[in-house]
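Chains as they are written, first to last, in this note's numbering: chain A, 1 to 265; chain B, 1 to 265; chain C, 1 to 382; chain D, 1 to 382.
Certain hints may be false.
Claimed, not checked - Below, simulated DSS-like cross-link-like pairs (lysine-lysine); rule was C-alpha separation at most 25 Å, straight line: (1) D:K114 - C:K179; (2) C:K102 - C:K131; (3) C:K327 - D:K327.
Claimed, not checked - What follows is a list of derived Cβ distance ranges for each label pair: (4) B:A170 - D:A14: 21 to 29 Å; (5) A:R91 - D:E258: 52 to 60 Å; (6) B:P31 - A:T169: 54 to 62 Å; (7) B:G43 - A:P20: 38 to 46 Å; (8) D:G16 - C:E330: 49 to 57 Å; (9) D:A134 - C:S58: 31 to 39 Å; (10) C:A112 - D:A361: 36 to 44 Å.
To be verified - Now the stretches of chain D that chain A is said to cover, found in silico as 3 or more residues with beta-carbon under 8 Å: (11) 62-75; (12) 201-209.
Hints are computed from structural coordinates only; laboratory data are not their basis.
Using N, Cα and C, we set each Cβ at its ideal position, and we do this for glycine too.
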Amino acid sequence: MRRLGIHFGLVIVSLIILLPPLWALRTSFVPEPMAYSTQLLPGVTLQNYVDLFVQKRFGVYYLNSLIVSVGSVLIAMPFAAMTGYAFARFRTGGKAARLAVLATQMLPPVAIVLPTFMLFRYVGLTNSVTGLTIAYAAMNLPFLTWILMGFFEGIPVDLEWAAQTDGATAWGAFWRIVVPVSLPGIAAAGVLGFILSWNEFLFALVLSGPATATVPVGLASLQTSNGVQIAKVAAGVVMAILPLVVASRFIQRFIVHGLTFGSVK
Amino acid sequence: MRRLGIHFGLVIVSLIILLPPLWALRTSFVPEPMAYSTQLLPGVTLQNYVDLFVQKRFGVYYLNSLIVSVGSVLIAMPFAAMTGYAFARFRTGGKAARLAVLATQMLPPVAIVLPTFMLFRYVGLTNSVTGLTIAYAAMNLPFLTWILMGFFEGIPVDLEWAAQTDGATAWGAFWRIVVPVSLPGIAAAGVLGFILSWNEFLFALVLSGPATATVPVGLASLQTSNGVQIAKVAAGVVMAILPLVVASRFIQRFIVHGLTFGSVK
Amino acid sequence: MASIELEHVSKLYASGAYGVRDVDLQIADGEFVIFLGPSGCGKSTTLRMIAGLEAVTSGDVRIGGKSVTALPPRDRNVAVVFQSYALYPHMTVRQNMGFGLKMRGVAAADIAPKVAAAAQMLGLSSYLDRKPAALSGGQRQRVALGRAIVRDPNAFLLDEPLSNLDAQLRAEMRLELVKLHRSLGKTIIHVTHDQVEAMTMGDRICIMRDGRMVQVGRPLEVYANPADTFVARFLATPPMNLIPVTLASGPGGAPRVEGEGIALTVPQRHAAAYGSAAGRRLLLGLRPEDIYERPADPGWQPLDVTVVAVERLGVETVIVGQIGAEKPIEINARVSRHFDAGIGERITLYADALPMHLFDAETGKVVPRAPLEPAGPAPLVA
Amino acid sequence: MASIELEHVSKLYASGAYGVRDVDLQIADGEFVIFLGPSGCGKSTTLRMIAGLEAVTSGDVRIGGKSVTALPPRDRNVAVVFQSYALYPHMTVRQNMGFGLKMRGVAAADIAPKVAAAAQMLGLSSYLDRKPAALSGGQRQRVALGRAIVRDPNAFLLDEPLSNLDAQLRAEMRLELVKLHRSLGKTIIHVTHDQVEAMTMGDRICIMRDGRMVQVGRPLEVYANPADTFVARFLATPPMNLIPVTLASGPGGAPRVEGEGIALTVPQRHAAAYGSAAGRRLLLGLRPEDIYERPADPGWQPLDVTVVAVERLGVETVIVGQIGAEKPIEINARVSRHFDAGIGERITLYADALPMHLFDAETGKVVPRAPLEPAGPAPLVA
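Chain A with its partners taken away, still in its complex shape (with noise of 0.2 Å):
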């Protein structure tokens, strides 16, 4: 009985989560003058997607986005690696340098952006993927060691001590040993730091140009250029959701070992 209330609550739950991209989904592939209708599928073309990468350059714009996203992850993991191990190990800065890195991430992003375009403009790195690259690594270092810093105040110092009388230097222990066991951590920290990019919306908006924009600023464009045509919309968003469950099923467990910070083992 219980169990069954279970399930039909939990099926419930995954409509309400799952109705609204099944539906971009179905309209994605009805033809334009037909997505509006209440049937289940008044028919089946393709050309939604063949218009948003032949007249919408939406090939650009993914190659943008995966460019940022993986870009400014690599980049900003390895200094967010050390400055999380810091952190975490030798307590370097104490709570204030912690306070410090969470405060960043509570600055509005609206108050930012402008003063971040004045600097881009001024070294010539607005309407390029290089700035906006590099605006995303800025804005990932400190989530990044946010979450790695959890990671590895979960790893007993025993094992670098371990390692240390081993006759590793400090150095050695943390690429030989903190780095591998924390993979799960790291992983999921990337992808973590991937989505954050590729969902980003207002700093692309605002640095990126016809030629250089993103996913989203390009799915914004299809809402207000000449009325919403509604299953090109659908076909966006369906492409830009895409890599994020590619993404979430190759490292789920890594989400969900992650992120539950600390248990190492």
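Please build the complex by placing chains B, C and D on the supplied structure of chain A, with the hints as guidance.
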């Protein structure tokens, strides 16, 4: 020697983090025409703040932001507490339910904002503080659930068992023992939810109107309407950051304590 | 009335593994019973099923003659003391101790004197306004106990309550719990993995292994008549020596146990009972205290060992000796604290064969024989 | 050469608290030394300072005569076995054991036979390709030991390596460590809070409390001649009985210790040494094994107690008896396993006053007297 090096490093880092807000603070008190001066304080005025509140309706935005941020957290918290507890203690729904919660956090906001707008227009909740509060509550719910789940998992089940043998129902053990013991975590989660809502820009932009805008929307409007009035923007940035500073002063220990998750003691 | 009865109680986990298997047990009102076993044997699970904190998969739990299997914990009126103490961290000692009565709707004015009395009894009177975090480990343990006492429950269920204390405090609290039982006269179930607690505290020990109750009885009875090699080895440190032997006819036809490097004549009174074991692979069980440096009685039989280690504990000395050469076996002997021997030396010890046991080498089950008189004032002489 | 010397070694924490205070110690090459003390006494900190894992605040650490105070751990060539074992979870047993040599630049071809030899010695040969997570607790412990052995270090530093094992395994590993020491001949420092390990494993015990080394000596010497009440009580379970007394003149002028419900004549050989203690508040120290149900010797003196508890352990029985009425004191006596008495009964036990100690009641320090002959083959008769 080493301590000196650490402190030197900390001063540099602190400067890098603090300089932009400090520069904004300085600029907000400088008369608009002298705002770009390289002098430290070419003049002092309160005019920027007066203009902000008198001409630019920042008073209304401020009130809207507070209502929306506080309200959405207050609405979402009880549900988040119960859901998080069910996930943590009864493993309700198992790993799938947890991933579903996490998944909602991963969808690109740009992809969600349009359906939300259409739904809200249908029920007449656009251009309304109530509508924005509901949207933010929905946004906060999975976020708060996830954080509280981590916190509840750190509370030994023995405590609830003791309460139950002492004569409490499962529900009584939750409200009389688990919730009071988790107060630091609940406070930390609440503050983070507040900050998330306070800083949110995209939904506020799409769902609000001139009278129902929030601080980030007001700030953005300063930056785009008839050229950038940098001193007023600076004043707006200061005002936007202010409650975050106040909040984090008050709940520093909760944040740092609460965000290490797991460790109740 | 708070007898506790378990009838074919089992706990099956979702994983398909049994936590507890078909446990049958009657505990009389006022009895002090020990659940003893290694970690993971199901002893705590059984306790929690009695308290109602874990659901029973099959079987019935009765308290005071009434089935409580379907009742929630709050309707069973038993108190549990947890290993972690599980004190409510946001409440003072006073509030912790009064919580149970408050939950039962007792008026604040009636709670206060009961809390005060229990606090007096446990020496906690001056800590009543502290939070648990401001107490030492021993004090927390007392508060947990006090919280249970104040409620005046039908039975106390103690889940390894002493295991987080240091050795000295543990010995003190062991004694205090026994006194408490004597003065309150309530049924107590005490879960532990500590042999000393098991031997000294309870009226009966229930030894569990892999979810089953393998032996139940008075401590000294179980000690003297273990049902299998697990109980034989688990109940003391150093454990009972187990030496592979077979049963043969010695000179004059008397049965003897013979193994590599050992040959002992079976005492006359066991000869008949052990007749059936002839020809099987057996384990001879001899406790370390039944092997000594000199015969306490003419009936003790010599046993040659090569000294592997001499563990001088101050109070006594344990000799670790090796018998046999091809498949050497190490045995422990508790000798006098004045005895000395060099490592590698060949010495003769003397064994009392009277309290010996034989176990089936395959199953580990004891070969039944008549018990000796229960250990008591009179020395056990052949 | 791996003597280890500590010269005025202190550890001061940033909080201003001392972790270790002014420790002086010489450990000879090949010696097996035990650091014993309750948790938080500084024993593990001292070990880590020797290993170089914690910085020394003041003082000097020398290994093999050479100061290593400023050297990082990797240049000290000592191996540490941690309580948690600290096995590298992402490496196989083989990689774990070979890591130390690999870090020192030894060729893979030279590492393999050494790992194989150590694995053979510890019975790990069939687990070499497993990850630590797939091993039992006892196996992990062996891998940790094996990792230390493979490196062939100058000294082994063991930080409570047995405390995560169950009682039986702990007893086995205790013996194996002693054998290992005998076969390798290396210096070993073993940190523990377990009295049995301390008494049986090492050449010397160093007892620590609150960061200081309060007594260093051969186990039986320390057991027979504790420097203060802390050592007296810490070194055995049940601990030494401490009874408040004063020194007075008995009939015939012989000195007597007198307390509430107790009066014992001080043996002749201690009379002179104890002369100076007259008039001070003292504690009489008597070990439980020096109180028995009947006099082992005509010199033993009667001691009347009211029985509070009879703890029958099977091997032996401990009587908890109360002496005095106004400020009653509970004492433990180890009697024969055949002795019995009822709770509340008044019985006469007999105490051997010869191994008695007197401690100053204020400072807890022992009143010095000549030691008895070290415990050995001959019984200690007055």
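>> Let me make sure I understand: some of the numbered hints might not hold for this structure. Which ones are they, in numerical order?
In response: 1, 3, 4, 7, 12
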